[in-house]
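One line per chain: the protein sequences are A and B, in this order.
Just add 1017 to the spot in the first sequence (first one is 1) and you have our numbering.
Just add 3 to the spot in the second sequence (first one is 1) and you have our numbering.
Bear in mind the hints are in silico, worked out from the structure with no lab data behind them.
Any given hint could turn out to be false.
Some chain A residues judged to face chain B by a derived CB distance under 8 angstroms, without partners named [stated by the list, open to error]:
| no. | residue |
| --- | --- |
| 1 | 1052 |
| 2 | 1055 |
| 3 | 1057 |
| 4 | 1060 |
| 5 | 1061 |
| 6 | 1063 |
| 7 | 1077 |
| 8 | 1078 |
| 9 | 1080 |
| 10 | 1082 |
| 11 | 1084 |
| 12 | 1274 |
| 13 | 1277 |
| 14 | 1414 |
In silico lysine-lysine, DSS-like type, Cα no more than 25 angstroms apart, as pairs [said to hold, decoys possible]:
| no. | chain 1 | residue 1 | chain 2 | residue 2 |
| --- | --- | --- | --- | --- |
| 15 | A | 1411 | B | 48 |
| 16 | A | 1410 | B | 159 |
| 17 | B | 167 | B | 116 |
| 18 | B | 79 | A | 1415 |
| 19 | A | 1082 | B | 116 |
| 20 | A | 1415 | B | 12 |
| 21 | A | 1415 | B | 116 |
| 22 | B | 9 | A | 1097 |
| 23 | B | 167 | A | 1410 |
| 24 | B | 159 | A | 1030 |
| 25 | B | 12 | A | 1074 |
| 26 | A | 1331 | A | 1302 |
| 27 | B | 167 | B | 146 |
| 28 | A | 1415 | B | 9 |
| 29 | A | 1095 | B | 9 |
| 30 | B | 48 | A | 1082 |
Idealized CB from N, CA, C, for every residue including glycine.
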Amino acid sequence: MNCNDARTLLEAKERTPQQEEQLNEHLESCEDCRSYSTYRLDCLTLDDETPLPESFKSNWRQSIKEEENMKKPVLSPKFKRILSLAAVFVVVIAGTILTRDNTTPSKTADYNYNDYVMPPTGLVSGLGGSKSAPDNSFFAVEEAAPQSAEKSASMDATMRSAGDLASGQAEVKAPAKLIRTVDMSISTRDFDEDYQKIIASLKEHGGYIESSTINSKTSYRRQANLYLRVPQEKLDKFLEDIGGLGRQLSFSESAEDVSEKYADTETRLTTQQEKMKRLQQMLSKATSIEELIIIENSIADTQYQIDRLSGSLKGMDSRVNYSTVNISLIEERPADIEQVKEATLGERIASAFKNSLDSIKDFLADSLVFIVSVSPVIIALLVVIIIIRRAIKKRRNKKNEK
Amino acid sequence: MFRKSKADKFESFIAPYERGIYFTCLRILGHVQDAEDCAQDCILKAYRSFDSFRGDSEPSTWLYRIAYNCCVDYIKKRKGVISLDALMDEGADFEDESDDISPYLSLEESERKRLLIEALSELPYIFRFPVVLCDLRGIDYDKAAQIMDIPLGTLKSRLNRARKKLKKILIKNRELFLSDDSLIDERREINEL
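Make the full structure from the sequences, and use the hints.
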């Protein structure tokens, strides 16, 4: 054995008995290796007898305890996972609820309120000239009335005096004017038949259809929304005729007394008409261009008021003479019909359970739609978060190693 | 739910290395108070990084690396230098007066160890590290190179030079260690011979 081998064996952590014997043999004859062996042993056992300072032992333990107490309590990984899952759950539910109206097709009936239209020919019979349908300008004209009244009030003193004279002569005599409105919903097994019966009865009593829509979006039942105008004197008879159709789900009737309003409008109209007469007289007597212009302007304004008030009266007449009947005709499913019968407790439980299951199914479907719709955003966010976390970790490790 | 046993876990983890870390710092820095401060700093840093320790290296290698870095920082602060290489030639550089270590070996074990401690404190820092890690701590050369972040060849070269320097210091100090009376007795024995 040479000195290199001996030193290698001296530095080895374990030696076989044979190696030990060989080493000892070499050490007996080699002073250099012997001295190295002694040096090595001295080094390895240098501090064996020296005790560890008590201050050091307690100080570092205290330091880490202080460090631990200063830190905020750390959530266990399990709890962190639960919190994360709960947060995701809340986000999905909230997102689904907020967005589901936009994603799911409407399952309820769409009420298609058409504009106020003229009755189609053929459905209306026995209507007089006064019973024509009002213009669309009915409501707009009423709102503009106060402004126009103010404008006319700021006219020349001579014009004002003519108007005052006319209004002083008018007398208010208001007959009773009632606008009747009926709202009802009917559930029927024979949707088509009952629909035709309603229309037929309407024709029979001299009414007309203001608007009619049939919603068949849902696969299992249809719903018709009818806005009908029935002569006020025939209303009760009409309601009696259709009262026997299907099963009435709801019924409400209201009567608005517009007598005072009507009388007021009539009076104002009379006033304006009187004013017009006076203005016409004044026009014939006008001597200057300026007078002519002023009078003609006043005539134009007065004519406008007359037209507006006449239209308003016509509209009220129409609504008084023709009552409004709004009918929702809903087609019944066989399951709906069965539910009309007295359900047993078991049937009610089963039905409620099935409805809950359907609701859950719908909600899960909506949730899936929501998750898929936001997934591109979430994926992008996750990528960014992962990159940032890695960068922070790398920096932290570098700092610790330094 | 709230985990407060990290300190306890760490204490169990560090317990087997507590002495090693302290005495490594002591033999490198040469001063008890400095060694306490440095070792405490090292353990605190290890605690802060405890969560990120994945076990890729051995715990001893990881801990001694932190201890080495702490000692280097401490020395740099004390000496006001940027690199330990500047301290390469620090310390006594003795002429080759004698290569005979046997007088040192003739001393009692406790005396030898005392001389060794003194010799270590005279060794330049750059040579102290490999001696403390490899000879005193018994760490393998490749792990020591990893701890010091130097090539294996560099480590062996420094260790070799360190041991030579140490030997010279030991021989010189042995003569200084011995009292005047002992020297007189020794000379008398030689004369009688």
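Against the structure, test the hints numbered earlier, and report the numbers of the ones violated in rising order. 12, 13, 16, 19, 21, 23, 26
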